[in-house]
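J.: Letter by letter, the chains look like this.
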Amino acid sequence: VREDVLGQQLLEYASHGADAAAQPGAAAIRRRGRRHYRRVAALTATGVLLAAGLGVGLGLRGGGTTPTVDQPRPTVTGPGPTPTRPPVTTAPTTTAPPSSSTAAARPTSEVVLRPDGLGVAAFGSGRQQALAALRRKLGPPDETGAWTGATPFGTCPGDTRAARWGRLYVLFTNGPTRYGPSGTWHLFAYQVDAVQRTKVDPQYAGPTPPPEPPPLRGYSPETAAGIGFGSTLAELRAAYPGRVSTSYGTPGGVHRFRIRLDAAGELSGTLSGGTAAATVTGLTAGQRCGE
Amino acid sequence: LAAGDDGFDAFYAAAYRRIVGQVFAFLGDLQEAEDVTQDAFAKASFHWSRIRSYDLPEAWVRRVAFNQARNSARRARRGLVALVRHGPPAQVPPVSPDRVDLQRAMRQLPTRHREVLVLHYVAELPLEEVARQLRLPVGTVKSRLNRARKGLAERLGEHREGAHRA
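Quick mapping for you: the protein sequence lines, in order, are chains A and B. Under the numbering used here, read the first sequence as residues 1 to 291, first letter to last. Under the numbering used here, read the second sequence as residues 292 to 457, first letter to last.
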């Protein structure tokens, strides 16, 4: 059996089953989830009560030979907290974080590299609000900068400001982007970088390349799948199977990668080479500034 | 916040048939595949506030579904549970003789071989990801895949030869 023919036959076989399968409504699935966890909680509570009862029984039996009254106490107090467990299962779906669709930005409690922002602050968030959220998690930034026209990140849609924590640059603009209108300062991109980009003079036009900017170290966030600066291409492919594409060439003559994440958007960046052992040297998401 | 506003419904609508197809290819039993898949999505709905922040929530659901499907001890009981829960099996459209052969051959393969075939060819996961999901070395996955392909080819050959003789 040829490999491609086998793959095709298996896919057809699977899709035959998928087409014939019944799909209950999402509400029914949620109800089933709640039922399942009520059962689990009840079983857990019963198990703990049984174990406690067994412990009390053994303790009482041992009490005849041991004069200490305190001996059974730890097992008697065991079931105390368990009756409070079942209520945990009662309202999970009503306490979910606010969101309107899978493609919409969903805030998280941690700084995570995502196609729709940084977890604690989504693209389109106001500058002050985003900075406050990032400061709460990361402390004050290592540096900040402001540019009009050309910036070290390219020519951005309007005036540009950046804040940096370790390797992470966070970019804001008051120009029009797909995340926010003109005249409103908002978060529109981030960039995890190898070098201190802000040491590059965007207006530099000398006959030789500008001096190499200093390398960046320190804080370096990752995606939810654990991919960040220094991850290998093999790790990238394993974390995002079938979603990573690579290219080499202009601009810059560097190896690049792109991770497509459905409606949520994409992450992209640069690699140290084209082999599986090549490492991520930069990672960015949001609206790119022109070169 | 009303249920259904948190993105789970859209995720479930988009991913259900993909997962149920993969589990069906693994188990060879549509009703059981539906039951296992719906269980996995039910668990995902319960943990959705956490799972939604993953880059690939579908990978989580697939892993849960396959773990459940793999538990052969549960399967006999599950057949009864599924019958009680869903009633008699759904009408599956008629299939070609080739597909019947494939279904029969797949069912005759050991579970560990079927699993790598489905994860690699149907879920289209690279070998490294199959290894990660099954917590096996990549070399083991490669050798299982080779043996699975060989076993499937042999069984398909036998079925087709038998059909010609008949």
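Please note: incorrect hints may appear among the correct ones.
[Stated by the list, open to error] These stretches of chain B come out as covered by chain A in the derived footprint (C-beta under 8 angstroms, 3 or more residues):
{"id": "1", "region": "310 to 323"}
{"id": "2", "region": "341 to 348"}
{"id": "3", "region": "402 to 408"}
{"id": "4", "region": "415 to 421"}
[As the list claims (entries may be wrong)] Not everything, but these chain B residues come out facing chain A in the computed CB check (under 8 angstroms):
{"id": "5", "residue": "F299"}
{"id": "6", "residue": "D300"}
{"id": "7", "residue": "Y303"}
{"id": "8", "residue": "Q329"}
{"id": "9", "residue": "F337"}
{"id": "10", "residue": "W351"}
{"id": "11", "residue": "Y412"}
{"id": "12", "residue": "R426"}
{"id": "13", "residue": "L427"}
{"id": "14", "residue": "T431"}
{"id": "15", "residue": "G442"}
Read the hints as simulated data drawn from the structure, not as lab findings. A virtual CB, placed ideally from N, CA and C, is assigned to each residue, including glycine.
J.: Grab the minimum C-beta distance from B/Y412 to chain A and call the hint holds if it beats 8 angstroms, violated otherwise.
T.: 4 angstroms, holds
J.: Examine the region 415 to 421 of chain B: at least three residues should have C-beta closer than 8 angstroms to a C-beta of chain A.
T.: holds (count 5)
J.: Measuring from the C-beta of B/D300 to each C-beta in chain A, is the shortest one below 8 angstroms?
T.: 4 angstroms, holds
J.: Checking hints one by one. Is B/F337 an interface residue toward chain A, by the C-beta closer than 8 angstroms rule?
T.: The hint holds - B/F337 has a Cβ within 8 angstroms of chain A, the shortest such distance being about 4 angstroms.
J.: Can B/W351 be said to touch chain A, with a Cβ gap under 8 angstroms?
T.: 11 angstroms, violated
J.: Does B/R426 pass the interface check with chain A, least Cβ-Cβ distance below 8 angstroms?
T.: With a minimum Cβ separation of about 13 angstroms from chain A (threshold 8 angstroms), the hint on B/R426 is violated.
J.: Is the coverage entry for the region 310 to 323 of chain B by chain A consistent with the three-residue Cβ rule at 8 angstroms?
T.: Coverage by chain A holds here, the residue count being 6 at a Cβ distance below 8 angstroms.
J.: Count the residues of the region 341 to 348 of chain B whose CB lies closer than 8 angstroms to any CB of chain A, then report whether that count reaches three.
T.: holds (count 5)
J.: May I ask you to test the interface hint for B/T431 with respect to chain A, counting a Cβ-Cβ separation under 8 angstroms as satisfied?
T.: Since the shortest Cβ distance to chain A is 16 angstroms, the answer is violated.
J.: Taking the least C-beta to C-beta distance, is B/Y303 closer than 8 angstroms to chain A?
T.: 5 angstroms, holds
J.: Are at least 3 residues of the region 402 to 408 of chain B within less than 8 angstroms of chain A when you compare beta carbons?
T.: violated (count 1)
J.: Quick check on the hint: B/Q329 CB to chain A CB, less than 8 angstroms?
T.: Where the cut-off is 8 angstroms and the nearest Cβ of chain A is about 6 angstroms from B/Q329, the hint holds.
Checked against the numbered hints listed earlier, the structure breaks hints 3, 10, 12, 13, 14 and 15; every other hint is satisfied.
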